[in-house]
Amino acid sequence: MEHTFDIVIVGAGGGGLFAALEAIRTDPKVSVAVVSKVYPTRSHTSAAQGGVNAALGNKDRDDTVELHVFDTVKGSDYLADQDAVAYLCSQAPQVVRELENLGAPFSRFPDGSIAQRPFGGTVKDRCCYCADKTGHTILHTLFEQCLRRGVKFFNEYFLLSLEHDGGECQGIIAMNMRTGAIETFSAQIVILATGGHAKMYWNRSSNAAGNTGDGQAAALRAGISLKDMEFIQFHPTGLRKSGLLVTEGARGEGGYLLNRHGERFMARYAPQKMELGPRDVVARSMETEIIKGNGFDSDAGSYIELDLRHLGAEAIKKKLPQIRELSMHFEGIDPIEEPIPVRPTAHYSMGGIDTTMAKTAVRGIYAIGECACVSVHGANRLGGNSLLDILVFGKRAGQEAACEAPQRKALGITPAAVRRAADEIRSYASHERYERYGIIREELGRTMGDNVGIYRTGERLRQGVDAIRQLRRRFRHIRLYDTGTVYNTNLIQILELKNMLDLALCVAVTALERQESRGSHYREDFPLRDDAIWHKHSLCTMGEDGDIQLGNRAITMGMYPLEARSY
Amino acid sequence: MKFAYFLSCINESMTREVDRSIESLKKDLDIVLFKLEKGACCGGSNLDYVSPEHFLVINGRNIALAEQMNLDLVTSCSTCLLTLRRAKQILDSSPDKRQFVNSFLANEGLSYTGSSDVKHLLWVITEDLGLSRLAEKVTTPLTGIRFAPFYGCHIIRPSQLLGRDNPASPSSLDLVVEALGGSLVEYPSKNKCCGFHTLLVAEKESLAMSGNAIESAIRAEADYIVTPCPLCHTALDAYQPKALEGRRVSRSIPVLHLSQIIGLALGHSREELGIDRHMIT
Amino acid sequence: MERREVSFRIQRYNPQVDQTPFYDNFKIAVEKGITILRVLNHIKEQLEPRLTFRAFCQAGICGSCAVRVNGISKLACTTQVWDELTGGGDDPILIEPLSNLPVIRDLLVDIDPVIEKLRQNQGWVVPSIPEEKMGFKEHAVSDDEFEVINAATDCILCGSCYSECSMMGVNPRYISPPVLLKTFRMNNDTRDTDGDERLRRVTADHGLWDCTHCYRCVEHCTKNIPIMDGIHRLREEAFERGMTGSEGARHAQAFFDDTRNTGRLREVTLPLRTKGVTGSFGMLPLALKMALKGRTPPLFVHRIAGIERIREIYRKLEK
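Protein chains in written order, with our numbering: chain A, 14 to 580; chain B, 231 to 511; chain C, 460 to 778.
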């Protein structure tokens, strides 16, 4: 089947939905389709618990956009582009109010204004929230408003390839998962909003099963570069057994991190901010405690305790209900009674598709949110800035796309491209193939955790790069066992694994290349930040041979000069 | 054992055999029931749509009448049970609402304090009397008779308000049948809805619900359906011919009240228990 | 760690090859603490790559993985195997797709009907602030006002209540619990301006008044949302907004009136008052048969003892 739209948005998380909504609001005449591999309300935006940052000044009256910019730039370890950060933070109050105006339920202060709470790495309390279901409520609000506006949804379609003619967008090829049919979406504008890729760490990741970087991989294969891929954020507080996330809000509300001596060890690492230091610092501090033998031992590995008990039953029930539920379901622990066992878990990919204010190098192809790298998060993202990122750049992309689409004409997708996609899928079912999906995926997760984890060295990274290359070779023999066409999840798993393997190589190669420590990227063999050589973005492109080629780009500075980063 | 007994509208009219059969059991079971003659219709989960205040005051008063006698309040209608317990939960958790309700009760010398529990007859049998004592009193065991126990909704759901049976697999009525010497059939409808509450607004759909329950009991080769709720009884008995229209079933199936199967096991006659009043006999 | 062999009986159906659904059995060693979703993943990766189900966040917030476990709709990711063992652990655990929704393959159902009903019933806020003024000013909402809808905003649209609903089982056109909950959530949002229209839609045929209040939706809500409270509130709202013409509303009004008049429901005229003269005509044959058995409700209901007290309460409340 062939579809034609002015604007096709791939991904139906908060970013994709806001882009769709905004495009229609900007110009009701443009045709907009949202193509998503999951039902919109399943998207991973729903898992963002803690909140969204905006200098509304409802809590700290003296908060300003400039302070928000400063916190973000410092949090990024000066790798973020300051023009993009300035835009992000300056738009924040408006975009949060707009979301509120559209019906997003926020928790409130007694005066009826949107409540704000402290979050990691910030000098003011500016995180707006709805209990600990902020992302969930934002996602549902945007979905509701898209329904209201008659946005056309293609749910459960898997992105196969991104098409352009070398300089101009043509559209996408996707598989209708219900029928197995390969369908084309011809469009003047494609907005990629496919979410992050931290699931490549698998069990050592807080991410949803589908956070496999489908848009990033499609862009990479379409010749578009990826930026700052070495930067993967480890969230300090993943549940011990599952890696599932305990929101930073738990520390924002006053939770303690304790080692097995009952010590609030953050006093030694970030004496000012304590548990509310930025995520990279807290995660590394916890990992150091565990390595030094100060963690609690268990069958599921060593862990740190997150103690909420002193907050009291009432506060836990009211402000952190999801966390309580999660702890009970997955650890069998009620945080009112006992501390929660936690350890760092791969959580967010700062790197992604190289964009300048949401636009890629190919005319008409945009990328927003976690799949993109603008870059506003640099080497380390602040809690509460990811929801902000999808809202601000989702909105901007929608607006710009609605303005740009009518000025350009549809190019259409070539039959050769469709054939290529179909041939690839057919090839997986060949009886000569023998590698199993589960085994390769398991080894990828282990390699990423062991060799490309929180603490990195040149030697381990080299081993990691080799291992991933080896896994990519083995992938060529992967066997598709399910040959049906109706909702073939076996095929989807294989396509997702291919995406993760390509992106994993980018992460490992760039991590090996960057011989310094900055933000989430910590090299034991190069423990210091080295601005003279490494104050620059890394770029990856995929060569004809499928291997990764590296490049660099200068960082856009602004109000805030380089400074040592301490908390 | 003494209880205040709530008079349900349906047992005062269409299913008069319920209270009649309970009357004939009281002595055997050593239960004394003081009829709440001054009690008013609970509103059948309808009154509060028109006015939540009326619902609270009327039912607060109903329970306060039992409190005045220092007795727990028993009903043999599941919807009365749920409605009264809903009011009770609201009043027990809100001093303001208690005060509001009591302002209407004062000139009658009544006051709602929350001291009386609200129970179903089934719970009195299983908890206050106890199954072993019930079994001891059996004179005519229901040996060889196969029962399909139909719990209905408002005695098991919401469990948060009722809290006896597990709504996914209720067992109290099963245990009563066994104590009386009867046997049970496994069938999928025991915790399903009879459709009674929408009979007048969505008759076709309600009849489909009751028809599903009746048909599955027949297919499980039960001799009788037994239910603790007169509303379920009406949907399953009085409406049975209509509910079975167009269904391929070989026969109809009689539906007995909880009080009637106890009566039978205790040696009372069908006539005494009002079984002949049923539409399907 | 406690470990045991557990049998899983899983409903399978691939429309391309199967005439009708069938069941597959898998016996695997399971550790205590393992969820149903981890079992499904294990089976798919190790034993049967064709087994088809949805799963995404694995943390109980995305709503993808709802299935029926031992007959009850639940999220596979938050359901512990140990909690589902029956028969001393020897009975197989039954895993089936949700009810009341078309099965696409195996455990995977089509939830488009839910979304379509949300669309038809305006499951969104229609804000009071005009488009061009958005983003400049917050609505003031008190914490108490937020608290009214707080629980309802927990809904993850997993479809469990839709699957459990008694009315859905017999009428696919029925509005359904999640849509009623969403209507409640919108109509009680102080920022919304379209409550009348939304309520007009949901009180149409197959709507609000067709709920049998069987409480299955509440009992099996995966987020413990008191869905019936929302439905109750909407019915109250129908009266507040004067939308009392429907059969359901007239039915409720009859209870209100009878309690004042006699303290008892006057069942004999209830059909007439609910359905009107023509509407209740079809009930005559049944009424005649019931009369022969002496089951007809009395024409004139005895007033309860001290009915004056009830009337006094009514008079006082009306003030």
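The hints are simulated quantities; they were obtained by calculation from the structure and are not laboratory data.
Just so it is clear, CB atoms sit at the ideal spot from N, CA and C, and this is done for glycine as well.
Don't take each hint at face value.
Simulated DEER-style distance windows between Cβ atoms [said to hold, decoys possible]:
1) B:329 to A:312: 49 to 57 Å
2) C:716 to B:299: 52 to 60 Å
3) A:347 to B:329: 50 to 58 Å
4) C:542 to B:343: 16 to 24 Å
5) C:656 to B:323: 43 to 51 Å
6) B:418 to A:236: 55 to 63 Å
7) B:343 to C:777: 23 to 31 Å
8) A:310 to B:343: 36 to 44 Å
9) A:312 to C:591: 41 to 49 Å
10) B:322 to C:747: 39 to 47 Å
11) B:418 to C:757: 34 to 42 Å
12) C:720 to B:418: 53 to 61 Å
13) B:319 to A:347: 45 to 53 Å
14) B:329 to C:720: 25 to 33 Å
Which chain C residues stay away from chain B? Per the calculated CB distances, all over 12 Å, these [stated by the list, open to error]:
15) 468
16) 473
17) 474
18) 478
19) 492
20) 539
21) 742
Distance condition first, Cα-Cα at most 27 Å in a straight line; then the derived DSSO-like pairs of lysine-lysine [said to hold, decoys possible]:
22) B:268 to C:778
23) B:327 to C:778
24) A:331 to B:327
25) A:286 to A:330
26) C:491 to A:254
27) B:472 to B:327
28) B:472 to C:491
29) A:72 to C:592
30) C:486 to A:254
31) A:254 to A:137
32) A:42 to C:592
33) B:327 to C:486
34) C:596 to A:137
35) B:434 to C:752
36) B:268 to C:775
37) A:330 to B:349
38) C:596 to A:72
39) C:748 to B:265
40) C:748 to B:434
Enumerated hints in conflict with the structure, sorted upward = Failing hints, ascending: 2, 3, 4, 5, 8, 9, 12, 13, 21, 27, 28, 31, 33, 37 and 39.
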